[in-house]
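Student: Position chain B against the provided structure of chain A, taking the given hints into account.
Chains as they are written, first to last, in the numbering used here: chain A, 1 to 155; chain B, 156 to 310.
Since the hints were derived computationally from the structure, they do not count as laboratory data. Note that CB positions come from ideal geometry on N, CA and C, so glycine has one too. Treat the hints with care, as some may be off.
Claimed, not checked - Between beta-carbon pairs, the in silico distance windows are: (1) B:Asn265 x A:Ala107: 31 to 39 Å; (2) A:Lys128 x B:Asn281: 24 to 32 Å; (3) A:Ala60 x B:Asp222: 21 to 29 Å; (4) B:Pro278 x A:Thr4: 20 to 28 Å; (5) A:Pro123 x B:Phe270: 14 to 22 Å; (6) B:Thr226 x A:Asn66: 36 to 44 Å; (7) B:Ala262 x A:Gly20: 41 to 49 Å; (8) B:Gly227 x A:Asn33: 41 to 49 Å; (9) B:Asn188 x A:Pro123: 24 to 32 Å; (10) A:Ala107 x B:Lys218: 25 to 33 Å; (11) A:Asn147 x B:Ser200: 13 to 21 Å.
What follows is the residue order along each chain.
Number of protein chains: 2
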Amino acid sequence: MHETFLRQAIGLAAENVASGEGGPYGAVVVKNNRVITASANKVTSALDPTAHAEILAIRAACKELNDYQLTGCILYTSCEPCPMCLGAIYWSRLERVYFACNRFDAATANFDDSFIYDEIAIPPQNRKIPMLQIALPDATAPFDIWNRKIDRLLY
Amino acid sequence: MHETFLRQAIGLAAENVASGEGGPYGAVVVKNNRVITASANKVTSALDPTAHAEILAIRAACKELNDYQLTGCILYTSCEPCPMCLGAIYWSRLERVYFACNRFDAATANFDDSFIYDEIAIPPQNRKIPMLQIALPDATAPFDIWNRKIDRLLY
Numbered sequence: 001m002h003e004t005f006l007r008q009a010i011g012l013a014a015e016n017v018a019s020g021e022g023g024p025y026g027a028v029v030v031k032n033n034r035v036i037t038a039s040a041n042k043v044t045s046a047l048d049p050t051a052h053a054e055i056l057a058i059r060a061a062c063k064e065l066n067d068y069q070l071t072g073c074i075l076y077t078s079c080e081p082c083p084m085c086l087g088a089i090y091w092s093r094l095e096r097v098y099f100a101c102n103r104f105d106a107a108t109a110n111f112d113d114s115f116i117y118d119e120i121a122i123p124p125q126n127r128k129i130p131m132l133q134i135a136l137p138d139a140t141a142p143f144d145i146w147n148r149k150i151d152r153l154l155y
Numbered sequence: 156m157h158e159t160f161l162r163q164a165i166g167l168a169a170e171n172v173a174s175g176e177g178g179p180y181g182a183v184v185v186k187n188n189r190v191i192t193a194s195a196n197k198v199t200s201a202l203d204p205t206a207h208a209e210i211l212a213i214r215a216a217c218k219e220l221n222d223y224q225l226t227g228c229i230l231y232t233s234c235e236p237c238p239m240c241l242g243a244i245y246w247s248r249l250e251r252v253y254f255a256c257n258r259f260d261a262a263t264a265n266f267d268d269s270f271i272y273d274e275i276a277i278p279p280q281n282r283k284i285p286m287l288q289i290a291l292p293d294a295t296a297p298f299d300i301w302n303r304k305i306d307r308l309l310y
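Chain A on its own, in the form it takes in the complex:
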């Protein structure tokens, strides 16, 4: 069963290269053994650097299920999720992920997945894209307001 869904993700990835719509990646979201959504990478055709297959499949599945979380859903993806997609997997509360290739396979095709994983371990200010904290007196005000808000919708 897992192999069937994973093959579907791989098929999407291969077709996507042929169509020229984006990178060689595909992903499928499944709930109760039923495919909810299936997407391929659309970064270059959608002019959207976040349009990875997993992100698009997660966003579409949320729309399909009318929810901002995917509890009980499984993601099948042609390649190990990059840190962006990994984050999206946690925020969407997916149950589990199956992948075929890994970040090192992606590196053989010059994709940055492995590089980005390496960057995360480096202190923010020393990264190739420097991320610098500036201390401001009112910086935590939004969190303070949030914590006091009684009807806040948790996610």
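Tutor: For chain B alone, coordinates are given in the frame of chain A:
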């Protein structure tokens, strides 16, 4: 100058809690000292777990600049980017990031940023959301096709 843009991001975050459209986060994309886009978190109102302030600001800036990369742009965000947004920052080739709060401030409001950073360091199969590789003979076929494609559009 940095403080001005950062304050704008913090202001967006605070207003967003009051409006009830999402979490206490705001982000601004700047190019040549001009604000290109400014966004707040819309996860719960857009039913989209990827609708973090940074992701929305990046996606909107790409649309504005008609490009899938943001070379020469700076991101100002009310809080240190989570791993999802960090990934998006690398994929969009932003030049630099400034943030006000950090992942530990976010944790005081029960957001998972710090937890997700911790999960990344754990082997995929042992994470709270298990990520399992299944070896398939044709797994790398999409990368092989990609590498052979002469007119592939790199990103």
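Student: So, for every hint listed, does it hold in this structure?
Tutor: Here's how the hints hold up against the structure:
The hinted window of 31 to 39 Å between B:Asn265 and A:Ala107 holds, with their beta carbons roughly 36 Å apart. As the Cβ distance of A:Lys128 to B:Asn281 is approximately 28 Å, the hint placing it in 24 to 32 Å holds. A:Ala60 and B:Asp222 have their C-beta atoms about 24 Å apart, which keeps the hinted 21 to 29 Å range intact. Between B:Pro278 and A:Thr4 the CB atoms are about 26 Å apart, so this pair conforms to the stated range of 20 to 28 Å.
In this structure, A:Pro123 and B:Phe270 meet the distance hint of 14 to 22 Å, their C-beta atoms being roughly 19 Å apart. Evaluation of the 36 to 44 Å hint for B:Thr226 and A:Asn66 yields a pass: the beta carbon distance comes to about 37 Å. A beta carbon spacing of about 43 Å between B:Ala262 and A:Gly20 agrees with the range 41 to 49 Å that was offered as a hint. Between B:Gly227 and A:Asn33, the C-beta spacing of about 47 Å keeps the proposed range 41 to 49 Å intact.
For B:Asn188 and A:Pro123, the hinted distance range of 24 to 32 Å is satisfied, since their beta carbons lie about 27 Å from each other. Distance hint for A:Ala107 and B:Lys218: a CB-CB separation of about 29 Å, consistent with the stated range 25 to 33 Å. At roughly 20 Å, the beta-carbon separation of A:Asn147 and B:Ser200 lies within the given 13 to 21 Å, and the hint holds.
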